[in-house]
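Listed below are the residues making up each chain.
2 protein chains.
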Amino acid sequence: MASGGDDEQIRNKQVIFKDYVSGFPKESDMYVSTKGTIRLKVPDGSNGIVVKNLYLSCDPYTRNRMTKPDTGNYYVNYLKPGLPINGLGVAKVLDSGHPNFKKGDLVWGNTGWEEYSLITDFQLLFKIQHSNVPLSYYTGILGLPGLTAYGGFYEVCSPKKGDNVFISAASGAVGQLVGQFAKLLGCYVVGSAGSKEKVDLLKNKFKFNEAFNYKEEPDLDATLKRYFSEGIDIYFENVGGKMLDAVLLNMRAHGRIAACGLISQYNLDKPEGVHNLMHLIYKRIRMEGFVVFDYFHLYPKFLEFVLPQIAEGKIVYLEDIAEGLESGPSALVGLFSGLNVGKQVVLVARE
Amino acid sequence: MASGGDDEQIRNKQVIFKDYVSGFPKESDMYVSTKGTIRLKVPDGSNGIVVKNLYLSCDPYTRNRMTKPDTGNYYVNYLKPGLPINGLGVAKVLDSGHPNFKKGDLVWGNTGWEEYSLITDFQLLFKIQHSNVPLSYYTGILGLPGLTAYGGFYEVCSPKKGDNVFISAASGAVGQLVGQFAKLLGCYVVGSAGSKEKVDLLKNKFKFNEAFNYKEEPDLDATLKRYFSEGIDIYFENVGGKMLDAVLLNMRAHGRIAACGLISQYNLDKPEGVHNLMHLIYKRIRMEGFVVFDYFHLYPKFLEFVLPQIAEGKIVYLEDIAEGLESGPSALVGLFSGLNVGKQVVLVARE
Numbered sequence: 001m002a003s004g005g006d007d008e009q010i011r012n013k014q015v016i017f018k019d020y021v022s023g024f025p026k027e028s029d030m031y032v033s034t035k036g037t038i039r040l041k042v043p044d045g046s047n048g049i050v051v052k053n054l055y056l057s058c059d060p061y062t063r064n065r066m067t068k069p070d071t072g073n074y075y076v077n078y079l080k081p082g083l084p085i086n087g088l089g090v091a092k093v094l095d096s097g098h099p100n101f102k103k104g105d106l107v108w109g110n111t112g113w114e115e116y117s118l119i120t121d122f123q124l125l126f127k128i129q130h131s132n133v134p135l136s137y138y139t140g141i142l143g144l145p146g147l148t149a150y151g152g153f154y155e156v157c158s159p160k161k162g163d164n165v166f167i168s169a170a171s172g173a174v175g176q177l178v179g180q181f182a183k184l185l186g187c188y189v190v191g192s193a194g195s196k197e198k199v200d201l202l203k204n205k206f207k208f209n210e211a212f213n214y215k216e217e218p219d220l221d222a223t224l225k226r227y228f229s230e231g232i233d234i235y236f237e238n239v240g241g242k243m244l245d246a247v248l249l250n251m252r253a254h255g256r257i258a259a260c261g262l263i264s265q266y267n268l269d270k271p272e273g274v275h276n277l278m279h280l281i282y283k284r285i286r287m288e289g290f291v292v293f294d295y296f297h298l299y300p301k302f303l304e305f306v307l308p309q310i311a312e313g314k315i316v317y318l319e320d321i322a323e324g325l326e327s328g329p330s331a332l333v334g335l336f337s338g339l340n341v342g343k344q345v346v347l348v349a350r351e
Numbered sequence: 001m002a003s004g005g006d007d008e009q010i011r012n013k014q015v016i017f018k019d020y021v022s023g024f025p026k027e028s029d030m031y032v033s034t035k036g037t038i039r040l041k042v043p044d045g046s047n048g049i050v051v052k053n054l055y056l057s058c059d060p061y062t063r064n065r066m067t068k069p070d071t072g073n074y075y076v077n078y079l080k081p082g083l084p085i086n087g088l089g090v091a092k093v094l095d096s097g098h099p100n101f102k103k104g105d106l107v108w109g110n111t112g113w114e115e116y117s118l119i120t121d122f123q124l125l126f127k128i129q130h131s132n133v134p135l136s137y138y139t140g141i142l143g144l145p146g147l148t149a150y151g152g153f154y155e156v157c158s159p160k161k162g163d164n165v166f167i168s169a170a171s172g173a174v175g176q177l178v179g180q181f182a183k184l185l186g187c188y189v190v191g192s193a194g195s196k197e198k199v200d201l202l203k204n205k206f207k208f209n210e211a212f213n214y215k216e217e218p219d220l221d222a223t224l225k226r227y228f229s230e231g232i233d234i235y236f237e238n239v240g241g242k243m244l245d246a247v248l249l250n251m252r253a254h255g256r257i258a259a260c261g262l263i264s265q266y267n268l269d270k271p272e273g274v275h276n277l278m279h280l281i282y283k284r285i286r287m288e289g290f291v292v293f294d295y296f297h298l299y300p301k302f303l304e305f306v307l308p309q310i311a312e313g314k315i316v317y318l319e320d321i322a323e324g325l326e327s328g329p330s331a332l333v334g335l336f337s338g339l340n341v342g343k344q345v346v347l348v349a350r351e
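Same order as they appear, the protein sequences are chains A and B.
Note that the UniProt record's numbering numbers the first sequence so that position 18 is 18, with each residue one more than the last.
Note that the UniProt record's numbering numbers the second sequence so that position 302 is 302, with each residue one more than the last.
If you are wondering where the hints come from, they were derived from the structure by calculation, not from laboratory data.
Some hints here could point you the wrong way.
[What the hints assert, rightly or not] Across the chosen pairs, the derived CB separations fall in these ranges: (1) A/Y78 <-> B/S229: 19 to 25 angstroms; (2) A/S22 <-> B/D70: 49 to 55 angstroms; (3) A/L298 <-> B/F296: 52 to 58 angstroms; (4) A/R226 <-> B/N47: 42 to 48 angstroms; (5) B/N213 <-> A/R226: 44 to 50 angstroms; (6) B/E27 <-> A/E197: 47 to 53 angstroms.
[Said to hold, decoys possible] Here chain A is said to cover these stretches of chain B; the calculated rule only asks that three of the stretch's residues, wherever they fall, bring their Cβ under 8 angstroms from a Cβ of chain A: (7) 250–261; (8) 277–284; (9) 289–302.
Glycine included, each C-beta is placed from N, C-alpha and C at the ideal position.
Model the full structure from these sequences, guided by the hints.
As structure tokens, this is what we get:
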């Protein structure tokens, strides 16, 4: 148990969410405040923990949480104007009132965009057991993006050897893993991304069979026909809109679409319409949305699968690390113009 | 085997498909011809059968087959201008060169919109074994609409007792059955239709819990919230467009959408856009298209299930029978303005 008596408050730099956003988020929708303070001891009687934040995760889904709450969306955990952004990160325990955590433990899960956080909600907080990998990996390949790729691919896509797999936003935190999982299984894998640099990465670093820059393709239907002359068995959907419409035209009979995210739509007041849903019927396609929270029970199995692959170099992971809490707003906003190359992380402190 | 020698040609009235259609089909897209003739004997050496057509089925899907063939749509069996419409029906065998069929047999399956047909493709032709039900039922409850409802509901919707089920175009050939299957299983069932008469049928004849006239509902989202305060578990999709968008807002977590047809979209040059697909992710919805051809192996099991229910009056079926081959064009066109009440059938001959 924590002991009281130490009342020293220290400065706690924070990234504050200013107000609800419509359209593209801007850096000015957030600001860095140095007015906050925190006591590095757990309050008497609390079962909370005080942590020092090391790495913070920039996630596309955060955009949805910046919208003014809509009564229809019970599934979104909205941000609150005037408070620090909260999200996933890696942190070190400085003091603990919780039996499962002790000083010095490393954890990953829900924390705040600030130097130090008092965590009292443990629904999404895991103790890090394997530290022979970069700690930042727990915001990515060993964290929710990794579990998202694993659950989405193996549980939703019903993949089998030889399947033709297409992945949009393929160089992102989730896409790069799905592609590598599919390659390991013996699939033919094509990814789309938004720059030549990313396309090169997909082909050379992540060993996709093919990749293309969607910004340079005036006719996505023709593009997909070029890469999938026999059609697509599995589409791992990260973007939505026009890409989904083109994919629907190119799916094979009994194809599967795993809907993981629709990043092209998050900043639109009204999402684009998708017109080709008739092809769901023509081709008996199963399109299934999923959220990683339904796959937490698979996390131990996932680590057992992925840690040896990392150790043997069979799966590689690319991060884009922005230095300093101050870089948080630009790093987060950059996701939506595709500035990041690989998983976007904010480094708050090395240890 | 058929014997040759009888060369008498008799008149064979036919409904001819005039030319490819865009927009709503009109009666004038077809015409009745009395110029055709047929010989009521199977040609020497053929394994075909000659039948007298009794009942013809009017199916929404025929609209798709009237469009000019699009290279993208490998799954549509297009109609050919200048030839009789072909489709499903009930017929009586007059002469047979096929070992599985003999004179006097009753069959259902692919035939032509004409008085007599020479059938040489047996991929979709079944001998009728149970004749203690109206023969016209083999165009509906005991034919493809019945198997569609059975396969779509039990194989795609993963239904369970207590589920909240919504069915669009609910008084149609398929919808009326899905609703009754769901009621038998102990679900709460609501249907939409396009007239007061149909709404009354859904509530009084088919025993749906609730039903509404979508044409009188200015805000479908509000309508669905009124009938499904706890959300929808299963949506049996027959219409698409605005209804699908409203349903997506009202699905429950882990809901299932079986996409059977999108009749509201068939007559549009460009289908309406569907905007709320994000809810597939928020609520982890599985949306799956299906076609009845994948469920042919279930047909014997389906008959075993449904025949006793019909005999005991636990499942009722409503047909809208137009008299005479000449009424074919208007009966078919009427589907798209919702003129039919129940399964639309054309009676060509009683026996």
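Structure-based check of all given hints:
1. A/Y78 <-> B/S229: 19 to 25 angstroms: Because 23 angstroms falls inside the window, the suggested range holds.
2. A/S22 <-> B/D70: 49 to 55 angstroms: violated (38 angstroms)
3. A/L298 <-> B/F296: 52 to 58 angstroms: violated (36 angstroms)
4. A/R226 <-> B/N47: 42 to 48 angstroms: holds (44 angstroms)
5. B/N213 <-> A/R226: 44 to 50 angstroms: holds (48 angstroms)
6. B/E27 <-> A/E197: 47 to 53 angstroms: violated (60 angstroms)
7. 250–261: Coverage by chain A holds here, the residue count being 4 at a Cβ distance below 8 angstroms.
8. 277–284: holds (count 8)
9. 289–302: holds (count 4)
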